[in-house]
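> In the order they appear, the protein sequences are chains Y and L.
Residue numbering for the first sequence follows the working numbering, starting at 1 and increasing by one per position.
Residue numbering for the second sequence follows the working numbering, starting at 1001 and increasing by one per position.
Hints are computed from structural coordinates only; laboratory data are not their basis.
Wrong hints could be hidden among the right ones.
To be verified - Under 7 Å between C-beta atoms, here's a sample of chain Y residues computed to sit facing chain L:
1) Ala14
2) Val16
3) Glu18
4) Arg21
5) Leu83
6) Val87
7) Glu89
8) Arg92
9) Thr94
10) Pro95
11) Val96
12) Arg98
13) Pro222
Where is the CB? At the ideal position from N, CA and C, for every residue including glycine.
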Amino acid sequence: MTRVIRDTRLIFAASVKETLRNPVWVIVGLMQPIMYLLLYAPLLKNVPGLGGDDAYNVFVPGLLIITALFSSLFVGFGLIEKLRSGVIERLRVTPVSRLAIVLGMVARDVLMLLVQCTVLCVSALFFNFRPDVLGIVLLYGLMILIGIAMASLSYGLALTLRDENALASMANLFTLPLLLLSGVLLPLTFAPQWMRTIADVNPLAYAIDASRALVAGTTGDPSILIGFAAFAVLTGVFALWVTRSIRHAVA
Amino acid sequence: MNIIETRNLTKTFTSRTRGKGAARTVEAVKGVNMIVRDGEIFGFLGPNGAGKSTTMRMLATLLVPTSGQATVGGHDLLREPSRVRERIGYVGQSGGTESSLTGRENLMLQARLYGLSAAEARQRTTELMETLELASFGDRLVKTFSGGQRRRLDLAMGMVHQPALLFLDEPTTGLDPQSRVHLWAEVRKLRSAGTTIFITTHYLDEADALCDRLAIIDHGTIVTEGTLDSLKRAIGGDVIALGLDVQNGSVKRAQDLLLAQPYVRNAREADGGISLVVEGGESALPSVLRLLDGAEMPIRTVSMARPSLDDVFLHHTGRTLREAAE
Ligand SMILES: Nc1ncnc2c1ncn2[C@@H]1O[C@H](COP(=O)(O)OP(=O)(O)OP(=O)(O)O)[C@@H](O)[C@H]1O
Ligand SMILES: [Mg+2]
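Please build the complete structure, drawing on both the sequences and the hints.
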């Protein structure tokens, strides 16, 4: 157990260093949410029923959730590159804990995600974004859960598919429908019944509702509990899957 | 003491062919039996696809054998893989360093993963950078390294924890002659320090220059194993290479003619000519020339030599290593 923690810290530190040395990632990662803020949010402002000046308090929470989703779902590319270049093979001959290889990378991904979200929140303050303080703390907890779930899913897919193109197709296959059915880009109030039915079982939709409730400070909202529970389960499932895959692939 | 012993080590890959449903199997390694002794440089020579990497990856705990057994460093490969890992270092065919980290950072991480404390790791890293002469470029990002510099770092990575046995998979492929000689010197230094080295190569001169003993592998089977001298002596004689005028289809006829001579041990077609193994080359050569001249088979070139590893390969497989690679 101490071995796992020690190795996780070592892999985490090396991964962070690697990421920071890739300025393209850093710039794109930080620019993306700001682009949404600058280029998409103003469109929403004038949509009737979205509450004019309050638009950012509705839109930013959703944006935070999809940022968590997007930025974590593509981390598997890095692992495929490592599988191909022999990095993983070299690690496998060392006594390093197999679990720590994944944990260290997931920890890095979550850290990057939190930095991204913080940049987003702080910039949004300039646009009249006024979150509830306790709510935003809890929201960070939810984003950590989503980050772990999605990064695990991505690494699991990477270990199974072992091919960049296949991973990209898979990730896109997931994201677009999930996104449209979650009500983050446009609220589902205007959606036909069948879409709303699907949204009822889309965990992302709950996470977004939860995120909005937290930002609004209505901490009693039932969607919060459902959102946390849904992602706790998903996190458990995906983390278990990736742990098993790495033990198999990297025995 | 034998640091490696294998019994009928076998690996069969099953790969799903895209589109068609049928599974294809590749018998990469077919029942390898071999011994590597403590403290030697053991060479594993064979053409592309012979099964060198597959065998090495099984011995380094990276691949589970389909069947067979092995002990590595005194531990059973299948039952105690983690004990085996403690005793070995492995440098794969593609290296496996992190290209966005510096050489020093790679070594530090590797050392820490092997359980060294931060201070110990720093000391070991500095030490390795000095002995392997990485100091002048080791603090740059690995992606800026030349091929030779990268290979030297790879070697250092495998040595971090001072393993008793070091696996090197084609460590000099793609290097210029000077870097190759440099790397050989490092490998010899390691052996003098008591490390056993298991090295794969498809270069004859590398096997010749570096190895104490070697095994030749072809199509997943070990065709012969022994010291360089014993392998060459086993051919039993000198080697005469004849270049014939192939146009008139004389090779086969010349081969039959030569095989009928008492002093000819063996005659094989090779590279469009004939490779002869004869007893007492100096006296046999004039007879060979007279014989073919009398039969009106024009000889274009003649050379005679003590057997080389290429002759050993030809002797056991019926092909030259160069032909095998094609
Ligand atoms: N994962 C795999 N799946 C299917 N076939 C494989 C796999 N790995 C190796 N092979 C096949 O096994 C055979 C032996 O491969 P191996 O890599 O051991 O050869 P090698 O002697 O190291 O060759 P080289 O000199 O080119 O490195 C080849 O035919 C190769 O295509
Ligand atoms: Mg190979």
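> Taking the hints in turn, state whether each one holds.
Tested hints:
Below 7 Å, beta-carbon pairs count as interface contacts, and Y/Ala14 has one with chain L at about 5 Å; its hint therefore holds. For Y/Val16, the interface hint is violated, since its Cβ never comes within 7 Å of a Cβ in chain L; the closest pair sits about 11 Å apart. Satisfaction of the interface hint for Y/Glu18 is found here, the shortest Cβ-Cβ separation to chain L being roughly 4 Å, below the 7 Å cut-off. Contact between Y/Arg21 and chain L, as hinted, is supported at the beta carbon level, the nearest pair being about 5 Å apart and thus within 7 Å.
About 10 Å separates the beta-carbon of Y/Leu83 from the nearest beta-carbon of chain L, more than 7 Å, and the hint is not met. Against a cut-off of 7 Å between C-beta atoms, the interface hint on Y/Val87 holds, since the closest Cβ of chain L lies about 5 Å away. The criterion of a C-beta within 7 Å of any C-beta in chain L is met by Y/Glu89, whose closest approach is roughly 5 Å, and the hint holds. The beta carbon of Y/Arg92 is positioned within 7 Å of a beta carbon in chain L (closest approach about 6 Å), and the interface hint is therefore held.
At about 5 Å, the closest approach between the beta carbon of Y/Thr94 and any beta carbon in chain L falls short of 7 Å, and the interface hint on this residue holds. Checking Y/Pro95 against chain L by beta carbon gives a least distance of about 6 Å; that is within 7 Å, so the hint holds. About 5 Å separates the beta-carbon of Y/Val96 from the nearest beta-carbon of chain L, less than 7 Å, and the hint is met. For Y/Arg98, the shortest C-beta to C-beta distance to chain L is roughly 11 Å, which exceeds 7 Å, and the interface hint is violated.
About 45 Å separates the beta-carbon of Y/Pro222 from the nearest beta-carbon of chain L, more than 7 Å, and the hint is not met.
Of the numbered hints given earlier, the model fails hints 2, 5, 12, 13; all others are met.
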